[in-house]
Amino acid sequence: MAQIFHRSANALSKSSLVIVVLLAGAVFGGLFLFQRSPYITYAGVRRTQPVPFSHQHHVAGLGLDCRYCHTAVEVSAVAGIPPVKTCMNCHSQIWTNAPMLEPVRDSFRTGKPLIWSRANDLPDFVYFNHSIHLNKGVGCNTCHGPVDQMPLMYNESSLQMEWCLNCHRNPEQFLQPRDQVFNMRYRQPTSAKPVTVDGTAYTDQAELGRALVTKYHLRSERDITSCSTCHR
Amino acid sequence: MMMDPETKKQREDVCPGKKLELATVQAELAKVQGPEYWRSLEELAGSSEFREMMHREFPKGASEWVDAVSRRGFLRLMGASMALAGMTACTRQPVEPIVPYAKQPEEIIPGRPLFFATAMTLGGCAQPLLVESHMGRPTKAEGNPEHPAGLAGSDIFAQASLLDMYDPDRAQHPALLGDTRSWKAFSDAIRGPLASQKAVGGEGLRLLTPPVSSPTLADQLRALLQMFPKAKWHQYSPLHRDAVLGGAQMAFGQPVETQYRLEGADVVLSLDADFLAPTFPGALRLTRDFVARRNPDAAMNRLYVVETAPSPTGAKADHRLPLRAAEVEKFARALASALGISAGASTLSGEEAKWLATVVQELQAHHGASVVICGEHQPAAVHALAHAINERLGNAGRTVIYTETVHASPVDQTNSLRELVADMRAGKVEMLFILGGNPVYDAPADLDFASALKDSKIPVTVYHGLYENETAQLCPWFTHDAHYLEAWSDGRACDGTISVVQPLIAPLYEGRSVHELLAMMMGQGGVTGYEIVRDYWQKQNKAGDFEAAWRRALHDGFMAGTAYAPQAVTVKAANFGAAAADDSGLELNFRRDPCVLDGSLANNGWLQELPKPMSKMTWDNPAWIGPGMAQRLGLKSEDVVELELNGKKVRNAVWVQAGHADNAVTVFLGYGRRRAGRAGSGAGFDVYPLRTSDAPWRASGVKLSKTGDTYKLASTQGYQTIDTEVGAKPVMRAGSLEEYKQHPEFAQEMVEAPTPGLTLYPNVNYGKDPNFNALGYAWGMAIDQNSCVGCNACMVACVSENNIAVVGKEQVVRGRHMHWIRVDAYYQGDRANPSAYFQPVPCMQCENAPCELVCPVGATTHSTEGLNDMVYNRCIGTRYCSNNCPYKVRRFNFLLFQDFETPQLKMMRNPDVSVRSRGVMEKCTYCVQRINQARIESEKDDREIRDGEIQTACQQACPAGAIIFGNVNDKNSKVAKLKAQARNYSMLADLNTRPRTTYLAEVRNPNPELAG
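For the protein sequence lines, the chains are A and B, in the order given.
Under the numbering used here, think of the first position of the first sequence as 1, with each following residue one higher.
Under the numbering used here, think of the first position of the second sequence as 1, with each following residue one higher.
Check before you lean on any hint, since a few could be wrong.
[Claimed, not checked] Computed list of lysine-lysine pairs in DSSO-like fashion (alpha-carbon distance at most 27 Å, straight line): (1) B:K232 with B:K184; (2) B:K542 with B:K572; (3) A:K112 with B:K906; (4) B:K974 with B:K940; (5) B:K768 with A:K215; (6) B:K703 with B:K330; (7) A:K215 with B:K974; (8) A:K85 with B:K103; (9) A:K112 with B:K103.
No lab work stands behind these hints: they were computed from the structure.
All chains, please: the whole structure from these sequences, using the hints.
So, in C-alpha cells, the structure goes:
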C-alpha cells in the first residue's frame, strides 16, 4: 500500500505542535488585549455631549479651579456634575448669543436638565469615594489624566480593577501633597524640580510617597485591599 | 426537567412544611429525649424527617428546578449559559447618562443623604420619624431619637411604609366607574350636588373616616360641619378601641386615654394585653421602659401574663397563664374581688387559684409600684376593673396616668358605623364620602355594609384612598390619596405630642391628601396641603414668632411641650356588671394580624414575608388552636377546617400553636383580600364574615369541623434550625435570676470553647497593627436576649437598608427567603404552656469563618477589621459557603428575585448597597456601607470613630436597644463592656468559629412560689 502522507507531512505535523501552542497563545493573548482595549474600557474615547464643553479652554485657558463646578468632590463620594446654573453664572454675561450654548440657555429657561454622557464610569458594584482620595493626597490628574489638555472629555485610564489595585497596593508611587491635588500641572518630583513638604525638599517620588503615607495616615495595604473597601 | 410524581412526593415528604400528627409527636417524644429548647413541634419530637432537614443547608427542595420548563426554553437557557459562562467578565459597559440639576437646590450635595423629620400615622397615632432622602427620593425610615416620648427605634410598620409609598399597585388617577378621570372632572362632578346639599344644610351628606388624630383635619371637619350643619361625620376602623374607651367611660365617667409608665413598675400584670407588640398604642416607649427593668444586675421587674393566644409579651413573661378570653374576664373579676373591689363572684380552679393568690400577694406587696394592663380585646367591664385595681393598688398617677384622648372627637365606632348604615338603608344619604378605610371588606358582617352601599342607590358616593380596593369598587367615584411621605399633614403621638407630617417627595401620581379633598369640598379650590396645615398652626400661634416656631417644629419633627398633661380622675363606678355565665362552647377570638393588621397593609410584600413573631408564618393567617385541642380533634397544622358561627361559614387552615389556650380558636384579620394588589390579593383566608358588631373580638359557640383538605402554609419556623447533636448544649441559653446570682457564668460555661490558638489555619491577630489593621477597629456585635421582645423591626429595617428581595409564598415554602437577620423563637417545656425566647440571628462574622475556606473563587474573604466580606461580583453560586455555615445565615438567590424593571422600585433602593442578581450568595454585612461611610468621615477629620457613631440598620430600628454594635478592640465601647459581662456567650463556641456576634443569655425572674 502506498504511503498516504508525503514525507513533508512530518514537518507539517511537527510544526503543527508549535502552531497549536502559538494559536492558543494568540487567542488568550488576543482576549487579554481585547479585554484591556479601549473598545471595552472606553479609555481615550471622546464622548459626544449635548454641548461640546472644553475642559482645556476652561481649566488651562481660563484657569477655573476644578471645584468651581465639581462642588461635592471634597465632601461626597461623587464629584458632582454642575447644574446649568453654574454655566449661566458666566454665560449670562459672556457669549450670551453663541449658538453652541443654546442647549444650556434652553435648559436654564425651561428647567429641563442637560443629559451628559458619563466619561468616567465605574461598574455599579464598585463604591468609589472622591473625598477620601483627595484627603489622602490622590490628585485629580492621577486618575483623570491631563484634563486641562482635553478639549472633549474622555477617561484617561482603564478604570479596571487591576488599575485600581496598582495604586491600592503601592500608594506611595502616586501620592502628592494635599495642597497640590487640584493642580493639573503638578508633576512628580525630580532632582531638577523638587517638591517641598514641611520644609523638606524631595527629589524622588518614592521618598515623597513614603513621607506622605505616614503624614496622611494611610491605612495599610492589607486594609485598603480588603474587598469591602470598594465592594458592598 | 419534569419531575416524576414519585420524586415529587419524596421531596414533599421531607420538606420542613410536612406536619406531623400530634399522636406521632407524642410517640416520638416517648422514644427520644427531645431537645430542651425547640422551635417547632416537629423538632420537639425529633422526627427523622426533621433531622434530615436539619442536616441540610437549605431544605431539600430548595435547590431543585421544580417549575415546568419547556424543552425549547431549557435549550435556550442552557445555550445562553454556555455562551456566557466564560465571558461574564468581558461585558462592555453600557454608556450611562448623567443628569445633573438645571438649578441645584442649595442643601443637596450629590451622593450624600439628607434627613427630614416627619411622622407616620397608623391607627390614629402618629409615630415620629426621621426619613433618609437620596437626591429627593425617600429611601429609609428611622425613629426620631429626639422625640420626647423617647422613640429611638421604630417598628415594622414605619420601616415597611417605604414600600407602600413606592408600591406600583397604588391607584394613579381618579376614576369614575373604573374609567380614568381628571381631578378637574371630579371637582366639577361634586360641585353641583354639594351646592344642593348646602341649600338643605347638608341633610343628606355623610362622611366616613377612620379615627382622626390630626388637629388640622379635625379642624377642617369641624369647619365642614359648620358649613353643612345637618351633615354627619362617622368614624370606623375595624381595629377600633371601643372597649378601651368604654371602660374608661364606665370607670371614670369620661373617655380618657391610659398611659403606662413601666420604669417604676416592679410587678406587671397583663390581662391579655400584648403591650410589647408594635400594635399596642405607645409600644415603643413601653418596650424601652420594660426592658430597662430587665437588667439582672439591677432591680429586675416581674411580668405576669394571662392570655389566650401566645404573643411576644407572653413570651417575655416570667409567668404565663393561658386562659380563654372569657376566662381572662373571670380572672380579672376574681383579682378585683381579692383586692376588695366588688366585681361579682368569680371562682377559679386549683392551679389558677394558686396563680391568682400569688399575683395578688405580689401586687399588694408592691403598692404603687405595680401595674395591671388590660388588652383591648377584653370587654369594657374588664378595662373598668383594671382601672379600679390600679387605683386600689396606688398605681394611678405613678405607673398609670390618664390623659385626654389622642383621637379628636372619640366616638363608639361600631355605633357610629351602625348609624350610618341605618341612614343609608333608610334612604337619608344623598352624598357619601368615604375617606380612607375599607368598610366593604372589614365592616362587621351583621351590618352588611357592602349590600347597604349597593342597594341604597346613593346618588353620589366617593371613596378616597391609596388603593382601588373592595370599597372603591362599589363607589362610583374614586379619588386617589397621597401617601404620608408625599403630603403635608399633622398628628398626635400616643402621649399627645404633636408632629407635623412633612412630605419628602412630590406625589408620584398627583394624589391629593384628605386635607386637600376637604378643602375642595368646602370650595377652597387650589389651596395646597402645605397652606392648610401651616395656616391652621399659624392661627393657633397667638403669641410669639410663628415662623421660628414652625421652622423649629419641622426641623425637630415635633412641637415641644405639647404632650398631654396627666389628668386626675377617680374611679366612680361601683358596678362592673356581672360575670358572663360559664360557657363551655368553643371560643372564637379575633386578632389583628401582627404584620398586615386589619388588611390595610396586605399589599406590602415586606410585611407579608415577615415571619410573624410566634408562629413564624408568612403570607397566611391560619387559625391557631392549642396542642391539646388538636389532639382531641385529630387535627394537625395545615388541615383545613370550616368555622361556623351564627350560620356564617368560613374555611381556614389550622396551625397548632404551642401555648395556645385550650378550647379556643384564634383567627387573624387582614387576609383573604380580593382587591389588594399583586402581593395581597388572594393570600390567606377572610375571617371578617364571622365578625359581628356585638362580638368584635371574641365569640362563643363556634363550630369547627374538619374538611379533610389540606393547605400548604409557609412558616419558616422549622427552617434554618441549627444542627446540633442530641444531648448537645443548646444554642439558646436562659436561666433564672436565682441561678444567675449564684452562678453568673452559667451560659458561658455550658460549652467549653477551644483555646484561641487551636486551629490549622494561620492565627490572625485583629489588634492594631500598622501593617495589617492600621486603624485598630475590630467590629463586633452583642445581642441582649433579655431585651429582645421579638418585634421583628430589625428584620424589616435590614430589608429596607440592604435592598433585600421579596420572594413570595411559593419560594418561602422551598426555604428560599432572603432575610439577612432572622428572629428565632425557641420554646421550652410543656407544649400546653411553654416558655418562649427570642434569638435574633444575623451573620456571626466568625473570625475563623468556615464559609471562607471553602469558596473556590475567593468571593467571601476576611477584611482586616474582622468583617466577613461577601463579594457579589465574584460569586459564581457554588453554595459551598452556605453548606459550611453552621449558623445557616447565608441566603442564596436561587432565582431572579429582584425586580430590575419596575421604575418605582428602582427609586426605592438604597444607592449604597449593590442589588444582587440571580445565582449570587448574600448575607449580613454588618451594614458595611455605614462602616465605610463613618470611617471615611473620621479619617477626613483625622479622628477615631466614636463609640455609637456607627449603628447597623437592625440596631437603629431596635426599640429595645437589644442590638449593640461597635469596636471590640476599644475596651470602653459599649459593645466591649457587654461582651465582658458574665452572661455573654458565643453560639456554637465549641466549633471554634470565634464569632464576632455574641449573645447575652436571657435571665428570667420567676416567683419562687410558683416555680416547679
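- Holds or violated: K112 (chain A) with K906 (chain B), Cα cutoff 27 Å? Holds, at roughly 22 Å.
Exercise. Is the straight-line distance between the alpha-carbon of K542 (chain B) and that of K572 (chain B) 27 Å or less?
Worked result: The given pair, whose Cα atoms are some 38 Å apart, is violated under the 27 Å limit.
Hint consistency between K232 (chain B) and K184 (chain B) [alpha-carbon to alpha-carbon, up to 27 Å]: holds (26 Å)
| Are K768 (chain B) and K215 (chain A) close enough, with their CA atoms no more than 27 Å apart? | holds (18 Å)
Worksheet item: Taken at face value, is the distance from the CA of K940 (chain B) to the CA of K974 (chain B) at most 27 Å?
Response: holds (24 Å)
For a C-alpha distance cap of 27 Å, please report whether K703 (chain B) and K330 (chain B) respect it. Distance ~23 Å between K703 (chain B) and K330 (chain B) Cα, so the pair holds.
- request: Take a quick look at whether K112 (chain A) and K103 (chain B) sit within 27 Å of each other, Cα to Cα.
  value: Distance of about 9 Å is within 27 Å: holds.
Next item on the list: Could you grab the alpha-carbon distance between K215 (chain A) and K974 (chain B) and see if it respects the 27 Å cut-off?
Entry: Given that 27 Å is the threshold and the Cα spacing comes to 31 Å, the pair is violated.
Can you confirm whether the C-alpha distance between K85 (chain A) and K103 (chain B) stays at or below 27 Å? At roughly 5 Å apart (the allowed maximum being 27 Å), K103 (chain B) and K85 (chain A) satisfy the hint.
Of the hints listed earlier, those the structure fails to meet are numbers 2 and 7, in rising order.
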